[in-house]
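*Asks:* So the chains spell out like this:
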Amino acid sequence: MSRTILIDPVTRIEGHAKITIHLDEDGQVADARFHVTEFRGFEKFCEGRSFWEMPGITARICGICPVSHLMASAKAGDAILGIHIPPTAAKLRRLMNWAQIVQSHALSFFHLSGPDLLLGMDSDPAKRNLMGLVEKFPDVARNGIRLRRFGQKVIEILGGRSVHPAWVVPGGVREPLSDENRSKIRRMLPEAFDIVGLALDVLKDSFDQFRDEEAMYGNFPSLYMGLVTPDGGLEHYDGLLRVVDSDGAILEPGLPPARFREILGEAVEPWSYLKFPFYKPAAIREAQGGRSTLHYPAGMYRVGPLARLNVCDCAGTPRADAELREFRRLAPRGRPVANSFHYHYARLIEILYALERIAETIDDPSITDKRVRAHAEVNNMIGVGVSEAPRGTLFHEYHIDENGILQKVNLIIATGQNNLAMNRTVKQIAQYHIKDGKVTEGVLNRIEHGIRLYDPCLSCSTHAVGQMPMVVEVYDAGGKLIDRVKRE
Amino acid sequence: MGTAVLVIGIGNTLRRDDGAGWFFAQALATQLQRAGAAVHLVLQQQLTPELAIDAAELAPDQIVFVDASLDVTEATLTQVTPSHAAPALDHRLDAAALMALMRRLYGVRAKSWLVQTPAIDFDHGEGLSEKAQEGLRAAPTIAALLVGKR
Numbered sequence: 001m002s003r004t005i006l007i008d009p010v011t012r013i014e015g016h017a018k019i020t021i022h023l024d025e026d027g028q029v030a031d032a033r034f035h036v037t038e039f040r041g042f043e044k045f046c047e048g049r050s051f052w053e054m055p056g057i058t059a060r061i062c063g064i065c066p067v068s069h070l071m072a073s074a075k076a077g078d079a080i081l082g083i084h085i086p087p088t089a090a091k092l093r094r095l096m097n098w099a100q101i102v103q104s105h106a107l108s109f110f111h112l113s114g115p116d117l118l119l120g121m122d123s124d125p126a127k128r129n130l131m132g133l134v135e136k137f138p139d140v141a142r143n144g145i146r147l148r149r150f151g152q153k154v155i156e157i158l159g160g161r162s163v164h165p166a167w168v169v170p171g172g173v174r175e176p177l178s179d180e181n182r183s184k185i186r187r188m189l190p191e192a193f194d195i196v197g198l199a200l201d202v203l204k205d206s207f208d209q210f211r212d213e214e215a216m217y218g219n220f221p222s223l224y225m226g227l228v229t230p231d232g233g234l235e236h237y238d239g240l241l242r243v244v245d246s247d248g249a250i251l252e253p254g255l256p257p258a259r260f261r262e263i264l265g266e267a268v269e270p271w272s273y274l275k276f277p278f279y280k281p282a283a284i285r286e287a288q289g290g291r292s293t294l295h296y297p298a299g300m301y302r303v304g305p306l307a308r309l310n311v312c313d314c315a316g317t318p319r320a321d322a323e324l325r326e327f328r329r330l331a332p333r334g335r336p337v338a339n340s341f342h343y344h345y346a347r348l349i350e351i352l353y354a355l356e357r358i359a360e361t362i363d364d365p366s367i368t369d370k371r372v373r374a375h376a377e378v379n380n381m382i383g384v385g386v387s388e389a390p391r392g393t394l395f396h397e398y399h400i401d402e403n404g405i406l407q408k409v410n411l412i413i414a415t416g417q418n419n420l421a422m423n424r425t426v427k428q429i430a431q432y433h434i435k436d437g438k439v440t441e442g443v444l445n446r447i448e449h450g451i452r453l454y455d456p457c458l459s460c461s462t463h464a465v466g467q468m469p470m471v472v473e474v475y476d477a478g479g480k481l482i483d484r485v486k487r488e
Numbered sequence: 001m002g003t004a005v006l007v008i009g010i011g012n013t014l015r016r017d018d019g020a021g022w023f024f025a026q027a028l029a030t031q032l033q034r035a036g037a038a039v040h041l042v043l044q045q046q047l048t049p050e051l052a053i054d055a056a057e058l059a060p061d062q063i064v065f066v067d068a069s070l071d072v073t074e075a076t077l078t079q080v081t082p083s084h085a086a087p088a089l090d091h092r093l094d095a096a097a098l099m100a101l102m103r104r105l106y107g108v109r110a111k112s113w114l115v116q117t118p119a120i121d122f123d124h125g126e127g128l129s130e131k132a133q134e135g136l137r138a139a140p141t142i143a144a145l146l147v148g149k150r
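So the sequence lines, in the order shown, correspond to chains Y and S.
Taking the numbering used here, I'd label the letters of the first sequence as residues 1 to 488.
Taking the numbering used here, I'd label the letters of the second sequence as residues 1 to 150.
Hints were generated in silico from the structure; no laboratory data involved.
Just to be clear, a hint being listed does not mean it is correct.
Stated by the list, open to error - FRET-style restraints, in silico, Cβ to Cβ: (1) Y/Pro318 / S/Leu145: 53 to 59 Å; (2) Y/Glu269 / S/Pro82: 41 to 47 Å; (3) Y/Phe45 / S/Gly148: 46 to 52 Å; (4) S/Asp123 / Y/Asn403: 25 to 31 Å; (5) Y/Asp194 / S/Pro82: 27 to 33 Å; (6) Y/Pro297 / S/Ser83: 55 to 61 Å; (7) Y/Glu43 / S/Ser83: 26 to 32 Å.
Said to hold, decoys possible - Only pairs whose alpha carbons sit at most 27 Å apart, straight line, appear in this in silico DSS-like list of lysine-lysine: (8) Y/Lys18 / Y/Lys438; (9) S/Lys111 / Y/Lys136; (10) Y/Lys18 / Y/Lys435; (11) S/Lys111 / Y/Lys127; (12) Y/Lys127 / Y/Lys438; (13) Y/Lys153 / Y/Lys18.
It should be emphasised that the depicted structure is a prediction, and the values quoted were computed from it without experimental measurement.
In this text, a Cβ means the ideal position worked out from N, Cα and C, and glycines have one as well.
Using the sequences and the accompanying hints, generate a full structural model.
*Replies:* Take a look at the structure:
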């Protein structure tokens with residue numbers, strides 16, 4: 001008799017999702033699915049709007065990473081205008097993007113995953129959260145808050161506010177950086193460096209406790225994709241798309257991002273609102289009953305911190321490069337780090353890198369130049385903007401008419417690109433922990449943690465009313481409820 | 001020097017009556033300043049842990065959270081008791097949890113209050129319903145109550 005286990009909702013992620021685990025006749029895990037159950041519809045309702053409005057509109061997709069959408073959207077606008085923005089504007093955008101990396105990664109590591117890592121996967125779920133961390137590890141909680149605040153403050157200093165700053169626009173940015181604000185950022189940096197150094201020590205010291213997780217949390221071969229600089233360095237704002245396979249072979253050395261459609265396809269499934277992007281050259285076309293079917297999961301790739309560190313040749317800053325060398329020792333020589341558990345480590349390395357880059361950039365004499373915006377009319381009917389969001393590569397593609405009114409919008413978000421890998425991860429953890437259909441609280445949390453590794457950002461909802469407990473329900477093949485585990 | 005008050009308005013002015021939290025907080029801040037308080041006003045869409053740093057740096061005597069609510073028909077003032085119980089959605093914070101966090105991490109001992117102002121419409125768009133506008137008129141009364149509780 002086959003059965004289905006349902007985890008609904010998945011907690012400590014941004015947005016709403018559920019997990020179903022399908023058991024076979026013997027009570028062993030046959031399949032597992034990560035369902036995204038919310039629908040936003042931004043691609044559709046942006047049609048008919050002016051491309052000039054898009055940074056402001058698409059930033060509302062999310063309250064955690066609005067800066068990422070600002071970047072990709074403004075860059076798509078730059079492409080429509082057909083301009084190169086002033087060099088100082090590009091540096092200022094980079095500053096904000098690195099600040100975004102710091103604040104978002106700090107939130108993920110300290111507040112969302114910290115409770116699992118420090119309080120334990122099997123600890124009381126009522127206390128396995130930020131407040132539990134505050135009680136038991138106040139120094140860690142304090143550091144997380146201060147590091148996230150650093151990123152938020154830099155965004156606020158540059159953009160006027162920390163959430164949805166209307167500062168990044170097609171053509172550049174609205175305001176230059178003043179000397180006074182540059183000094184403010186400089187003064188905050190030493191503490192941020194200290195905190196990330198401590199966090200790296202804490203995480204690396206804990207690896208021995210997580211050998212199971214290292215082995216079973218998304219440990220499988222896949223492709224990896226991210227932006228790199230023209231000389232192969234770590235990149236978050238511009239650059240070229242690189243794809244690497246599970247052996248470390250470079251499949252795409254440096255594709256201009258606007259040509260992403262040559263390599264990326266998007267599939268949909270009836271059980272999730274999240275699309276399933278895949279790497280087209282690796283998808284397999286199979287003949288079945290006289291018809292040709294595309295086996296798109298063969299084109300599974302991962303994006304985000306782990307992928308970015310796997311595709312680049314080097315970070316390009318001294319301290320991040322030292323950590324990167326250590327990170328790479330986690331995998332056989334020359335191969336990518338395949339285990340998604342190490343997204344945590346990759347996040348901290350990226351925070352370190354972002355801080356180094358911020359420090360370097362604010363010391364650039366040209367950073368306070370006043371010329372920060374270029375002006376032009378519509379010169380291209382299609383614009384593609386690509387940047388690296390904290391969770392991975394983000395694509396905005398706009399098709400407009402001669403008046404700049406959007407006819408078609410396509411957004412490929414980082415979380416979607418990890419969709420296949422997240423499903424695979426959930427299945428791998430479930431197969432390891434669920435034997436004979438027996439489900440415990442610790443197992444539920446481990447499965448959720450598998451999703452949290454990718455720090456998925458499904459949306460930000462302003463008003464979610466009422467209790468959202470986690471419920472696991474076990475159904476028999478006839479759909480009859482035969483077991484129920486509820487977390488209040 | 002007058003009493004130091006940190007007023008935190010919670011809401012989203014693009015979700016109609018949800019913006020009442022901000023408008024009420026602004027009106028309350030004005031009233032408290034007129035009463036001689038040194039007011040620091042913060043407007044946010046939701047409570048975040050970083051507010052604990054603001055509270056630690058400002059060392060206020062009172063912290064006042066202001067939020068729009070479907071559960072009240074007129075503006076209400078209630079004392080906040082710090083609580084380590086995390087809200088149901090644990091990527092959010094409520095006032096009680098934030099106060100506990102402030103106390104534990106930064107030793108903030110300020111008296112804290114929650115003002116709930118009436119709301120009926122949280123749909124997309126700007127502007128307040130009549131009910132929410134009516135609620136804003138209670139700002140002087142609430143300010144007077146807060147002055148009396150110093």
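*Asks:* Next step is simple, just say for each hint if it's right about the structure.
*Replies:* Cross-check of the supplied hints:
1. A beta carbon spacing of about 57 Å between Y/Pro318 and S/Leu145 agrees with the range 53 to 59 Å that was offered as a hint.
2. Between Y/Glu269 and S/Pro82, the C-beta spacing of about 45 Å keeps the proposed range 41 to 47 Å intact.
3. A hinted range of 46 to 52 Å holds for the C-beta pair Y/Phe45 and S/Gly148, which are about 49 Å apart.
4. Under the hint 25 to 31 Å, the C-beta atoms of S/Asp123 and Y/Asn403, about 30 Å apart, fit the expected range.
5. A C-beta distance of roughly 29 Å is found between Y/Asp194 and S/Pro82, which places it inside the suggested range of 27 to 33 Å.
6. Between Y/Pro297 and S/Ser83 the Cβ separation comes to about 45 Å, which falls outside the hinted range of 55 to 61 Å.
7. For Y/Glu43 and S/Ser83, the Cβ-Cβ distance of about 41 Å falls outside the hinted range of 26 to 32 Å, so the restraint is violated.
8. Straight-line distance between C-alpha atoms of Y/Lys18 and Y/Lys438 comes to about 19 Å, which keeps the hinted pair within the 27 Å bound.
9. For the given pair, S/Lys111 sits about 24 Å from Y/Lys136 by alpha-carbon distance, which is consistent with the 27 Å threshold.
10. A C-alpha spacing of about 21 Å is found between Y/Lys18 and Y/Lys435, which places the hinted pair at or below 27 Å, so the restraint holds.
11. For the hint linking S/Lys111 to Y/Lys127, the alpha-carbon distance of about 25 Å falls within 27 Å, and the restraint holds.
12. Between Y/Lys127 and Y/Lys438 the CA atoms are separated by roughly 24 Å; this keeps the pair inside 27 Å, and the hint holds.
13. The hinted pair formed by Y/Lys153 and Y/Lys18 fails the criterion: a straight-line CA distance of about 34 Å is larger than 27 Å.
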